[in-house]
Amino acid sequence: IASGQTPTPFIHTMKAAFVVLALALGAANAFVPHPAAPRRAPTVRSATVAEPEKATAFDLKEYLETKRVSVEKALDDSLQVTCPEVKTITESMKYSLNAGGKRVRPIMCIAACEMFGGTEEMAMPTAVALEMIHTMSLVHDDLPAMDDDDLRRGVPTNHVVYGEDIAILAGDALLSTAFEHCAAHTKGVPAERLVEVLRRLGESVGAVGLAGGQVMDLQCEGKEGVTLQELQWIHAHKTAALLKVAVTAGAILAGASEEEIKACETYALDVGLAFQVADDILDVTASTEELGKTAGKDEAVDKTTYVKLIGLEESKIEARRLVEDAVKALSPFGEKAAPLIGIADYIVARKN
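Residues 2 to 353 (the numbering used here) are what the sequence shown spells out, left to right.
In case anyone wonders, no lab produced these hints; they're calculated from the structure.
Values in this document were obtained by computation on a predicted structure and should not be read as measured data.
Beta carbons: idealized from backbone N, C-alpha and C, even for Gly.
Be aware that a few hints might be false.
Said to hold, decoys possible - Computed cross-link-like contacts, DSS-like style, restricted to lysine-lysine with a CA-CA straight-line distance of at most 30 Å:
id : residue 1 : residue 2
1  : K88       : K298
2  : K95       : K329
3  : K329      : K309
Stated by the list, open to error - Derived CB-CB ranges, DEER-like:
id : residue 1 : residue 2 : range
4  : D346      : E73       : 35 to 45 Å
5  : E122      : E314      : 42 to 52 Å
6  : V161      : E181      : 20 to 30 Å
7  : L310      : E73       : 14 to 24 Å
8  : R200      : V87       : 23 to 33 Å
9  : K88       : E225      : 24 to 34 Å
10 : H186      : M147      : 24 to 34 Å
11 : K88       : K352      : 29 to 39 Å
12 : E181      : Q230      : 16 to 26 Å
13 : E204      : L61       : 37 to 47 Å
14 : K88       : V285      : 38 to 48 Å
15 : E193      : G297      : 22 to 32 Å
16 : Q230      : G164      : 31 to 41 Å
17 : E225      : G297      : 33 to 43 Å
Take these sequences, add in the hints, and give me the full structure.
If you want it as structure tokens, here you go:
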């Protein structure tokens, strides 16, 4: 095209054709297969990945043992001889407190606290207090004026070793020390929650708790015509009351709502009754060596038991029904309730 000449339509057409051809060639090239880049080999990790169902399975045995070790250390640290004058009473207290056992109550307290986002450290002082109260009840329960037993947890009872007078005082001291320990050592918990826990602990051992249940239990020995409802009242207060405060105290420490606390109460009452039914069954089916205490004692003193009122097989059915009801109460909490659900099953399957 000469200088100053206007391009003709033909030239415009040719330019457009070249643009279209270039675009076509580019598009065709995009569909031409290219050699694939070498695939990266999968990373092999040394750790074994569990099967899905195994990954979510709860190991109750491991959980109970881990928590038991923590509780045992806390119990051992909780009582110390501070001067020569208290050596005898402190040793008597430690003799029964450190005599072993399943530590179900303190572990349930910790499990409930963790279920609602709390920690073991937060719950441990209350857990120790619960075991002190429970141990007090055993020391007093074994006295000649009560059940008159010489064996507890596989060793001679407190009054056999230290005498009745010291055993009574050791039980009294364990009870009062329980409240002192809980109040003095609980950290990181709002005061109103701690006060409510202390209130519930007191209620659990009073006239509408352990003491009231024990009185009615003694009054029903050898008594004719005791009803199932009366027996349930005895054990809802003598046995279940302490289990109920164990679970609810843990929940309260962690900040559970009123509705959540009520679900814990329902669970604990059913578990507490199941615990007693299982005890009644074991008294007639297990040996003294298996139980760690005198077997057949209930029948010997004509104590009112589930086995006496409804028979052995019906008692087994009742224990299982109570556990099933307990588990249902915790259904809103999902996998977080696994330890408490496992403990409910363990309670009716135990051998001592």
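Outcome of the hint check:
1. K88 with K298: With Cα atoms ~33 Å apart, K88 and K298 exceed 30 Å; violated.
2. K95 with K329: violated (38 Å)
3. K329 with K309: holds (28 Å)
4. D346 with E73: 35 to 45 Å: violated (23 Å)
5. E122 with E314: 42 to 52 Å: For E122 and E314 the Cβ distance comes to about 44 Å; the hint holds.
6. V161 with E181: 20 to 30 Å: The hint (20 to 30 Å, Cβ to Cβ) holds, given that V161 and E181 are roughly 28 Å apart.
7. L310 with E73: 14 to 24 Å: Given a distance of about 37 Å, which is not inside 14 to 24 Å, the answer is violated.
8. R200 with V87: 23 to 33 Å: holds (28 Å)
9. K88 with E225: 24 to 34 Å: violated (48 Å)
10. H186 with M147: 24 to 34 Å: holds (31 Å)
11. K88 with K352: 29 to 39 Å: holds (37 Å)
12. E181 with Q230: 16 to 26 Å: Violated - the Cβ-Cβ distance for E181 and Q230, about 37 Å, lies outside 16 to 26 Å.
13. E204 with L61: 37 to 47 Å: Since the Cβ atoms of E204 and L61 sit about 30 Å apart, the hinted range of 37 to 47 Å is violated.
14. K88 with V285: 38 to 48 Å: About 41 Å separates the Cβ atoms of K88 and V285, which means 38 to 48 Å holds.
15. E193 with G297: 22 to 32 Å: violated (47 Å)
16. Q230 with G164: 31 to 41 Å: Cβ of Q230 to Cβ of G164: about 39 Å, so the range 31 to 41 Å holds.
17. E225 with G297: 33 to 43 Å: Because 21 Å falls outside the window, the suggested range is violated.
Against the hints set out earlier in the document, violations occur for numbers 1, 2, 4, 7, 9, 12, 13, 15 and 17.
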